[in-house]
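Engineer: Single-letter residue listing:
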Amino acid sequence: MISNLSVLENIALIRQYHGRLSRRQAEDMAREYLQRLQVEDLAGRRNPSLREEERFCVMVLRAVMLEDSILVLDRPFEMMPALGESRFIYDIIHHVAEMHRECHIFDYFLNEGRYAEGSTHAA
Amino acid sequence: MINILESIGKKGLQSARSLRDVMSFTYMIFVRLFERRAYNSAVSMVLVNQIYFTAVQIPPLFFTAAVCLSIAFVGIIGEYLLRIGLFSFFGRLLMGFMVTEIAPFGTVLLIALRSSSAINAEIAVMKVNNELNTLAVFRIDIINYLFLPRVISGIISVVLLTCLFSLVVLASGLIYSGFFFNMSARDYMAALLESANFFDLIAMFIKSAVFGFFIVMIPIRYGIRATNELTSIPVSVLNGMVQVFIAIVIIEVLSLVITPMISKLI
Numbered sequence: 001m002i003s004n005l006s007v008l009e010n011i012a013l014i015r016q017y018h019g020r021l022s023r024r025q026a027e028d029m030a031r032e033y034l035q036r037l038q039v040e041d042l043a044g045r046r047n048p049s050l051r052e053e054e055r056f057c058v059m060v061l062r063a064v065m066l067e068d069s070i071l072v073l074d075r076p077f078e079m080m081p082a083l084g085e086s087r088f089i090y091d092i093i094h095h096v097a098e099m100h101r102e103c104h105i106f107d108y109f110l111n112e113g114r115y116a117e118g119s120t121h122a123a
Numbered sequence: 124m125i126n127i128l129e130s131i132g133k134k135g136l137q138s139a140r141s142l143r144d145v146m147s148f149t150y151m152i153f154v155r156l157f158e159r160r161a162y163n164s165a166v167s168m169v170l171v172n173q174i175y176f177t178a179v180q181i182p183p184l185f186f187t188a189a190v191c192l193s194i195a196f197v198g199i200i201g202e203y204l205l206r207i208g209l210f211s212f213f214g215r216l217l218m219g220f221m222v223t224e225i226a227p228f229g230t231v232l233l234i235a236l237r238s239s240s241a242i243n244a245e246i247a248v249m250k251v252n253n254e255l256n257t258l259a260v261f262r263i264d265i266i267n268y269l270f271l272p273r274v275i276s277g278i279i280s281v282v283l284l285t286c287l288f289s290l291v292v293l294a295s296g297l298i299y300s301g302f303f304f305n306m307s308a309r310d311y312m313a314a315l316l317e318s319a320n321f322f323d324l325i326a327m328f329i330k331s332a333v334f335g336f337f338i339v340m341i342p343i344r345y346g347i348r349a350t351n352e353l354t355s356i357p358v359s360v361l362n363g364m365v366q367v368f369i370a371i372v373i374i375e376v377l378s379l380v381i382t383p384m385i386s387k388l389i
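The listed protein sequences correspond, in order, to chains B and L.
If you use the numbering used here, the first sequence corresponds to residues 1 to 123, in order.
If you use the numbering used here, the second sequence corresponds to residues 124 to 389, in order.
Next comes chain L alone, as it looks inside the complex (with noise of 0.2 Å):
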């Protein structure tokens, strides 16, 4: 009995340190944001690149992806509707379902499958390979240099990357229900203005925000974990994508929770 108890408060106390790493790890990279001294030049460039490597090298892959999940997701709500005779919900759904919520999830689990897993070999191979203590020889601070523009990346990367799911998402509506529906472009219009709400929008901008944060720090946490050992790189690299996909679950439940009550606040 005693060694039960002994195995579950250890369990415990190791998610509750976990828990405070990253938390405390979250903290240091979301005040240095803010920190206007830890941008300069060589920062500039590795951002630059970074927004490259994550927003403008995924189009051809996440524009294929978007458009067979819209049209996939509009095809199967708008017959749905139709058929239980709840059509006029149409656009309700297109805005507050597809847009604000599948949108910025999709848009994150196909960041999160090429970037993360990429951010975060890519510090522990630096780690193996000795490059985050040249860093540190040189006095270039590693959290300047490297973490910020990654997570500052993440977070453009995905806002933008959300916002081009979304347009993908209406354009499929447009088109789907023209064809299937003989629903006439500008009667697809009203319906969307009629259900857009500010909030929702306001509220998909900031989980997105809030992903692309996550997506980025969490793998550069696990990267700067790896040990010197070559071996260290793919347990790094699976145990930072693990906690990556455990995050993003947690952020929608959150937002799924948060999001009603804010709205009824306000």
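Looking at chain B on its own, in the form it has when it is part of the complex (with noise of 0.2 Å):
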């Protein structure tokens, strides 16, 4: 995440680059995704301030925000340590469904049991 920048502002930014969109317009999108996923009091704060899930929410939330764009998860409990499950990453990837084309978790065999629900790829 960009330091300087602020979480609405981080995931506004892709929609404002790419899409040509006004900051308003970016902005609106952007906290709407944020309500979506019920984050939306991250919005105005930096990424040092942000627990782990909180981090990867908005870094899914800005990965989505690429048109066509396909999700990969690289390790996620790697990021998120202390999770115990995968239904937490189930819950943020359903809530952004429409938003991705696909979605691709890559982990370890030795986290197969933490992926008690859906289909993984794992390597």
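Please keep in mind that the hints were generated in silico from the structure rather than gathered at the bench.
Mixed in with the good hints there might be a few duds.
Unchecked claim - With a Cα cut of at most 25 Å, we get these calculated SDA-like pairs of lysine to any residue:
1) K250/L with R15/B
2) K250/L with I93/B
3) K250/L with F109/B
4) K250/L with S49/B
5) K250/L with L8/B
6) K250/L with R45/B
7) K250/L with G44/B
8) K250/L with V72/B
9) K250/L with A97/B
10) K250/L with L50/B
11) K250/L with R55/B
12) K250/L with D28/B
13) K250/L with G84/B
14) K250/L with S141/L
15) K387/L with I225/L
Unchecked claim - Covered by chain B, according to a simulated footprint, are these stretches of chain L (three or more residues, beta-carbon under 8 Å):
16) 159-165
17) 245-257
To be verified - Far from chain L, by Cβ distances over 12 Å, these chain B residues were calculated:
18) F56
19) L83
20) F109
Glycine is no exception: its CB is placed at the ideal position from the N, C-alpha and C atoms.
With the hints as a guide, dock the two chains, each given alone in a separate frame, to form the complex.
Structural biologist: Dropping the structure here:
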């Protein structure tokens, strides 16, 4: 994440830059998706003040802001070591399902047990 | 002997490569300045923020420094001219020396001290934190998004603040000449108008714009040359700032050489 931008600006930047949207339009869109994940209170915060799960939400939202994006989650449990199982990750992906074309999760076989539901490509 | 020649050759090659890199980077940034597709609302947002940080936040410090420098210089120049019986050149010295030489030079020194170092550190920190890679992953052109707005804000800020500095110089001259040389405001204005040269003013604006371009472009270049280690940040800022001050001196000297030549041709 860009450290001198807030969460809202980090997410909005992608559409603002590629979609040629105005700042207000891009931020409204970003705010709507933050609300969808029920993390709208993060909007004004910056990267260092986020918890691991919050940072994960923001990074997923930022990734799906690219049109026709393929979401690749590379060892998500390394980013959130305290997370017990994958329900949280699937919930996030489910909430933004219509915004990305495909989603792939790559992880070690030793973490296979943590992915109790859904299909994964373990590597 | 051969070792000495080798070391001279190595240094020479290093300097030539470094100069070539600077020139190619300068050319790349300069060309982008005129590309319409480089601009969008994200770039405008950064530009507005940069102008705010560079030109709007600085005035209290800048104004104080400009007033102190102006009063000191105007006082010294006026006293000296009076002593040698050449006070009729007071207006010419104010316009030709203080406004066209000292104002851009003082402005660029103040902005370089405050903003160039900040820009250098900011870009180096972004490099260390992999933020430049993040932007590249999202296909955000770092030249358009990060560098261009900073360079434009540098040009705008230096030109505008040079004008402010010039106004402070002229106001100081008015007050000083009224109090210490018993010169009326009308005489003062007449002396200034008589000495005002349109070409000098254009040269001042061009020089300010060139200063603005380089005091931002050089720190950016040194910022992106930082490695991925935290310890490379101070090294990058140190090298960048040294190069900025060398560039300021070179531009000042070149302007002193080139401006009279062009003036004669015109």
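Engineer: Decide, hint by hint, whether the structure agrees.
Structural biologist: Now for the hints, and whether the structure bears them out:
Among the hinted pairs, K250/L with R15/B is consistent with the structure: their alpha-carbon atoms are about 23 Å apart, no more than 25 Å. Taken as a hint, the K250/L and I93/B pair is broken in the structure, with Cα atoms around 30 Å apart against an allowance of 25 Å. Annotation: proposed proximity of K250/L to F109/B is violated, straight-line Cα distance about 33 Å (limit 25 Å). A C-alpha spacing of about 20 Å is found between K250/L and S49/B, which places the hinted pair at or below 25 Å, so the restraint holds.
The hinted pair formed by K250/L and L8/B meets the criterion: a straight-line CA distance of about 22 Å does not exceed 25 Å. This hinted pair checks out: K250/L and R45/B have alpha carbons roughly 22 Å apart, not beyond 25 Å. Straight-line distance between C-alpha atoms of K250/L and G44/B comes to about 24 Å, which keeps the hinted pair within the 25 Å bound. With a C-alpha separation of about 23 Å, the suggested pairing of K250/L with V72/B holds against the 25 Å cut-off.
Proposed proximity of K250/L and A97/B is contradicted: the alpha carbons are some 32 Å apart, above 25 Å. At roughly 21 Å between alpha-carbon atoms, K250/L and L50/B fall within 25 Å of each other, so this suggested pair holds. At most 25 Å may separate the alpha-carbon atoms for a hinted pair to count; K250/L and R55/B meet this at roughly 20 Å. Restraint check for K250/L and D28/B: the C-alpha separation of about 29 Å exceeds 25 Å, so the hint is violated.
The straight-line distance between the Cα atoms of K250/L and G84/B is roughly 33 Å, outside the 25 Å bound, and the hint therefore fails. Taking the CA atoms of K250/L and S141/L, the gap is about 20 Å. The hint holds against a cut of 25 Å. A threshold of 25 Å between alpha carbons decides the hint, and for K387/L with I225/L the separation of about 22 Å falls inside it, so the pair holds. Here's how the stretch 159-165 of chain L fares: 3 of its residues keep a CB closer than 8 Å to some CB of chain B, so the rule of at least three is met and the hint holds.
As drawn, the stretch 245-257 of chain L meets chain B at 6 residues by the rule of a beta-carbon pair under 8 Å; at three or more, the given contact holds. Chain L leaves F56/B outside its interface by the beta-carbon criterion, the shortest separation being 15 Å against a cut-off of 12 Å. For L83/B, the requirement that its beta carbon stay farther than 12 Å from each beta carbon of chain L is met, with the minimum near 23 Å. A cut-off of 12 Å between C-beta atoms confirms that F109/B is not in contact with chain L; the least separation is 27 Å.
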